[in-house]
Every structure is written in structure tokens, then in C-alpha cells.
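*Asks:* As a plain string of letters, each chain reads:
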Amino acid sequence: MKFKAWLKTIIFYEILIGMKATLMHLLHYKPITLQYPHEKRILPDSYRGMLALLRYDDGTEKCVGCDLCEAACPSRVIKVISAEVPDEPTKRFAKEYYMDMTRCLFCGLCVQACPVDALGMTREYEWAVYDKRQLLLNKGQLLAIGDRSYPVREKRLELQHPNVAFFNVAFKHLPPKES
Amino acid sequence: MVEVGIKIGLSITQIAVVMGVVLLTVMFLTLAERKVIGWMQDRMGPMEVGPYGILQPIADGLKLFFKEDIVPAGANKFLFSLAPILALVPALIGFAVIPFGPNLTVEIFGVQFQPFVISDINIGILYILAFTSIGAYGVILGGWASNSKYSLLGGLRAAAQVISYELNVGLAIVGVILLAGSLSLVKITEAQSGWFWNWFIFAPPFPQLFAFVVYVISSVAETNRMPFDLPEAESELVAGFFTEYSGMRFAFFFLAEYANMILVSCIAATLFLGGWNAPAPFLQFHGSWANLAWASGVFWFTVKVYFFLFLFFWLRATLPRLRYDQLMRFGWKVMLPIALGNILITAIAAYLFPRG
Ligand code: SF4
Ligand code: SF4
Numbered sequence: 001m002k003f004k005a006w007l008k009t010i011i012f013y014e015i016l017i018g019m020k021a022t023l024m025h026l027l028h029y030k031p032i033t034l035q036y037p038h039e040k041r042i043l044p045d046s047y048r049g050m051l052a053l054l055r056y057d058d059g060t061e062k063c064v065g066c067d068l069c070e071a072a073c074p075s076r077v078i079k080v081i082s083a084e085v086p087d088e089p090t091k092r093f094a095k096e097y098y099m100d101m102t103r104c105l106f107c108g109l110c111v112q113a114c115p116v117d118a119l120g121m122t123r124e125y126e127w128a129v130y131d132k133r134q135l136l137l138n139k140g141q142l143l144a145i146g147d148r149s150y151p152v153r154e155k156r157l158e159l160q161h162p163n164v165a166f167f168n169v170a171f172k173h174l175p176p177k178e179s
Numbered sequence: 001m002v003e004v005g006i007k008i009g010l011s012i013t014q015i016a017v018v019m020g021v022v023l024l025t026v027m028f029l030t031l032a033e034r035k036v037i038g039w040m041q042d043r044m045g046p047m048e049v050g051p052y053g054i055l056q057p058i059a060d061g062l063k064l065f066f067k068e069d070i071v072p073a074g075a076n077k078f079l080f081s082l083a084p085i086l087a088l089v090p091a092l093i094g095f096a097v098i099p100f101g102p103n104l105t106v107e108i109f110g111v112q113f114q115p116f117v118i119s120d121i122n123i124g125i126l127y128i129l130a131f132t133s134i135g136a137y138g139v140i141l142g143g144w145a146s147n148s149k150y151s152l153l154g155g156l157r158a159a160a161q162v163i164s165y166e167l168n169v170g171l172a173i174v175g176v177i178l179l180a181g182s183l184s185l186v187k188i189t190e191a192q193s194g195w196f197w198n199w200f201i202f203a204p205p206f207p208q209l210f211a212f213v214v215y216v217i218s219s220v221a222e223t224n225r226m227p228f229d230l231p232e233a234e235s236e237l238v239a240g241f242f243t244e245y246s247g248m249r250f251a252f253f254f255l256a257e258y259a260n261m262i263l264v265s266c267i268a269a270t271l272f273l274g275g276w277n278a279p280a281p282f283l284q285f286h287g288s289w290a291n292l293a294w295a296s297g298v299f300w301f302t303v304k305v306y307f308f309l310f311l312f313f314w315l316r317a318t319l320p321r322l323r324y325d326q327l328m329r330f331g332w333k334v335m336l337p338i339a340l341g342n343i344l345i346t347a348i349a350a351y352l353f354p355r356g
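The listed protein sequences derive, respectively, from chains A and B.
So for the first sequence, my numbering puts the first residue at 1; every next one is plus one.
So for the second sequence, my numbering puts the first residue at 1; every next one is plus one.
It cannot be assumed that every hint is accurate.
[Said to hold, decoys possible] No farther apart than 30 Å at their CA atoms in a straight line, the calculated lysine-lysine pairs in the DSBU-like style are these:
1. LYS77/B / LYS149/B
2. LYS132/A / LYS67/B
3. LYS35/B / LYS20/A
4. LYS132/A / LYS63/B
5. LYS132/A / LYS95/A
6. LYS40/A / LYS132/A
[As the list claims (entries may be wrong)] Covered, in the sense of this in silico footprint (three residues per stretch, anywhere, with C-beta under 8 Å from a C-beta of chain A), are these stretches of chain B:
7. 43 to 49
8. 312 to 321
These are computed hints drawn from the structure, not numbers from a lab.
Bear in mind that the values here come from a model prediction, so they are computed numbers and not experimental data.
In this text, a Cβ means the ideal position worked out from N, Cα and C, and glycines have one as well.
So that you can see chain A by itself, here it is in the shape it has in the complex (with noise of 0.2 Å):
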């Protein structure tokens, strides 16, 4: 035993085996690279890519200003400026929103905390730019990429579920307030 092991190491078995399996892969040749910008892998569903704004099915926006998604944040990507609908004093909106894609580490906590899920992940991932101010992405350019990714959109909260309408959504004869 002890003798096969001592040849074993002046013949260099163990590296000799190295050898061997990087000679037979060297045989048998078969790349698994992909050649990226002609070739393209084929994305699972759960991707996790740029980040979008969604719509409802009639345009409107989904937000609703209540910054859970930059509370949610890790990296403090977000920024939300929340502001009232005009003429609808229970229903508030994103006036302004901002991502600062260049930190942002597609960890997905934004969608999920967000509670009327107007936050979406999409599938592009070629963002490279030469200047990285253009990753400082606003409102109207997230609802862009949203509307590029996501052409299938959801109906409004409030047709899909009845329920939600009590505290999002502003009835027309609400009593008025008592003061």
C-alpha cells in the first residue's frame, strides 16, 4: 500500500489524471459559451431585469405615491415625490419618481413591497451607456420601459377587486368632511 503510494507520487499520478480529463475535453470539443452579441440565451421567466412602471389597461398610471418601494429599498434607489389627484382629495399619485439605476442591485424588494404592484421587472438587460447620468432614470422614461415590456396590462384595481375601492380609490358622493 504503501509502496503504490509512493510511486503514485514520483509518477505524478494525481496530475497525470489532470491531464487526462483536460486532453479529453480537448477531444471531445463542444463549447458551451454563447457567442453574445450574435447569439442570445433564451431568458427564464423570473428574470430579474430593468425595472419598469407599469399602466392599467386604460392608460392610467398604477402608482400611488406611497413610497413603500423607497422605504423597501436597500440601496436607496428610489426616490418618490407624492402628491395629490387634482380634483380627488383621497387619491394620491407619483408627481415625480426617480431611480438611480446605477446602484440599484435587482434584488426585487421594490415589486414586492409595492401594494398595487405598479412596480415591474423586465427582461432587458443591455443598459450599458457611456455616460452614467443616463441611468438616472425618471417617471416618463420607467412607464416607457414598462409599456415596451409589459403589453399585456392589468384592468383597473377597482374592477378587479371591489373590496380594494374602499381605500383607494375616491367615490363621487362621499359625505362631506365635518368641521
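On the provided structure of chain A, position chain B with the ligands as indicated by the hints.
*Replies:* Only chain B with the ligands this time, still in chain A's reference frame:
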């Protein structure tokens, strides 16, 4: 006077041809290495420049040529510029004594001329050993002159490693010299003619198999190649001694490394695998084709050299880098005793059974 002129002209042509072939081989090697290692690791290697990436070396060369040449602040300017030259010149100069083909002598305009060896000096192998040691200065000075801690550490490692492994190279060669009875590479090759069992790796009275293994391992270490590339260990030292180099100076170091690879492969082929000799007499042009024997000689020499170059790539694709203490222990405690023992036994065998 005319004769001297013709002689100089012939020599310069010869040198130009050899340099050209060596530099072209380096170009080819950079591509071949990336391709072979890629294939071994289930990758494709360079694919973008030209069909299947075959123009990649030209693109690399152009890129290096047009890169900015940076001299770091605080560097010793003179030594910083000298180091790449000191690394490259010895690597190229060694090819002067390598016999690439049979030892023919032709007469051109009344001048004796050996077409396949630039100069057949009788201490050829010592000459090569001396010059490769100068090459180590280039590495050490380059590391020191850059005024960077990574470069300095790389240079120091290179110094220790090159010295300890050159010793083994020298000692491994001694066995061959004992059997051949000459220091001239042409004579050594001629002593191995005939069948392949006359090659010194298999030759009676004592096969130089151990010396061959010691030589191959030590020469890999001496050229700073994987798995002995500690002087340029990129995971610890960025790029070792050439961290601060850019542009053409970097290209010089790069060329020197590959030229050294070719040089040690040539020496290994010449000393141990019979140089230009075919494995069997009938595998070269003979009989009525005997005039063309030089072609088969050059062919066999090329095959042997490329075998070693492939071995370099193969080792690099397979093995991880050694730790520094392992490297030193392996060099001094394993390789050195084997090389010394080999000399002892070869000397006794050569004394008892002298070769005919
Ligand atoms: S994916 Fe993560 S890091 Fe990026 S914006 Fe959303 S919460 Fe922030
Ligand atoms: S995106 Fe969602 S979580 Fe963020 S402010 Fe709008 S509604 Fe709230």
C-alpha cells in the same frame, strides 16, 4: 575582403530568417495558446477578429503598438526602459546556436555556409545557459525600477525562482553532456542519430528519463509559466513584475516570455529527443531522396518543438498555481537531489560502458 562581405551577408540573412520565424511563431503561439486552453476548458477562445478569430494576434499587436507608454512617477527611468530589452534580447539571442536541421555545409560563392544553424560554437549549451540567466536581470530590474510594491514582490520572486530552477536545468543537462561528450548542440544531436532509442531520453547506457522530467519541469518554472507563474501571479500581485508596464514595453516582456518558451522547447528537443533526427531511419527522406533529408529533418524538429509548446499549454490549462514555499521546497528538496543522483549514475554508467 569579398569573402568576408559574403559571409556577413549570409549570416545577416540567416539571422533575419530565424528572427522572423521566431517572431511569427510567437504570434501564432499567442493565438494557439488561447484557442487550446479555451478548448480544454469548454470555451471557444477568441472568435471576433476574422474567421474563428485567426487575426487576433494582429489586432493585439496593433493595440499594443498604439497604447500609451506610461512611465510611473518615481520609477528609475533608465532601468525601467532597459529592463524589457534585457528580458527580450537574451531570449532571442539563444536561437543563434540552435540547430534547426541537419548539419549540412554548402558552398556559396566559395564560402562555407551552414544553412540550419547560425553559428555552431563548441560551447553552445553553456552560451544558452549564460544568456537565459541575463534574461532574469530584465525581470528583476523591471520589478525594482517600477517603484511599485507588486512589481517589486514579483521581481523578488522571479529572482529566487529563476536562480533555484536554473540550477536544476543546468544539472539536468550535465547527464546529456556526459553521454554526448560535447557542449556543441550540433554534436549532441548528431550523437543521437539512428533509431529513437538512440535519443538521450532512452539512450544506453543510462536513459536520461529523470533528467528529462527534471528539465521539463524546471524549464516551465524558469520561463515563469503556469503552474510556476508566481512572479506574475495575477490573483496576488496584479501582474507581478510588469504591473506598471504598458504599450510596447509590455509587449517586449510578452515576446520575451514566448521566445523563452520556444527556446527551452528547442533545447529540450535537441538534447533529449534527438533534434532533427527522425524516430526511425525510414521516416526521413533517404535513398534516392537523400538530397531532401533536410526537409524531413526540419519537419521532425518542428514536430518535437511543438510537442513541448503544446505541453506548456496543456499544463497551464490543467494545473493550479503552486504556493511559494511548495515551489522552493520542490525545487531544492526534490528536483535537485534527483538531478544530482542522475549525474552520479550517468557518470558511472558512461565510464563503465562508454558509447561507441
Ligand atoms: S430592485 Fe432592489 S435595489 Fe433595485 S430599486 Fe428595487 S429594491 Fe432597490
Ligand atoms: S411604485 Fe408602488 S410602492 Fe412605489 S410609490 Fe408607487 S405605488 Fe407605492
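*Asks:* Each of the hints needs a verdict: does it hold here or not?
*Replies:* Status of the hints after comparison with the structure:
1. For the hint linking LYS77/B to LYS149/B, the alpha-carbon distance of about 17 Å falls within 30 Å, and the restraint holds.
2. For the hint linking LYS132/A to LYS67/B, the alpha-carbon distance of about 25 Å falls within 30 Å, and the restraint holds.
3. Between the alpha carbons of LYS35/B and LYS20/A the distance comes to roughly 18 Å, so the proposed pair stays at or under 30 Å and holds.
4. The straight-line distance between the Cα atoms of LYS132/A and LYS63/B is roughly 26 Å, inside the 30 Å bound, and the hint therefore holds.
5. In summary, the hint linking LYS132/A to LYS95/A is supported, as the alpha carbons are separated by about 24 Å, within the 30 Å threshold.
6. Between LYS40/A and LYS132/A, the direct Cα distance comes to roughly 25 Å. Compliance with the 30 Å bound is thereby established for this hinted pair.
7. Counting residues of the stretch 43 to 49 of chain B whose CB lies closer than 8 Å to any CB of chain A gives 3, which reaches the minimum of 3, so the coverage claim holds.
8. Interface restraint, the stretch 312 to 321 of chain B with chain A: holds (5 residues with C-beta to C-beta distance below 8 Å; minimum three).
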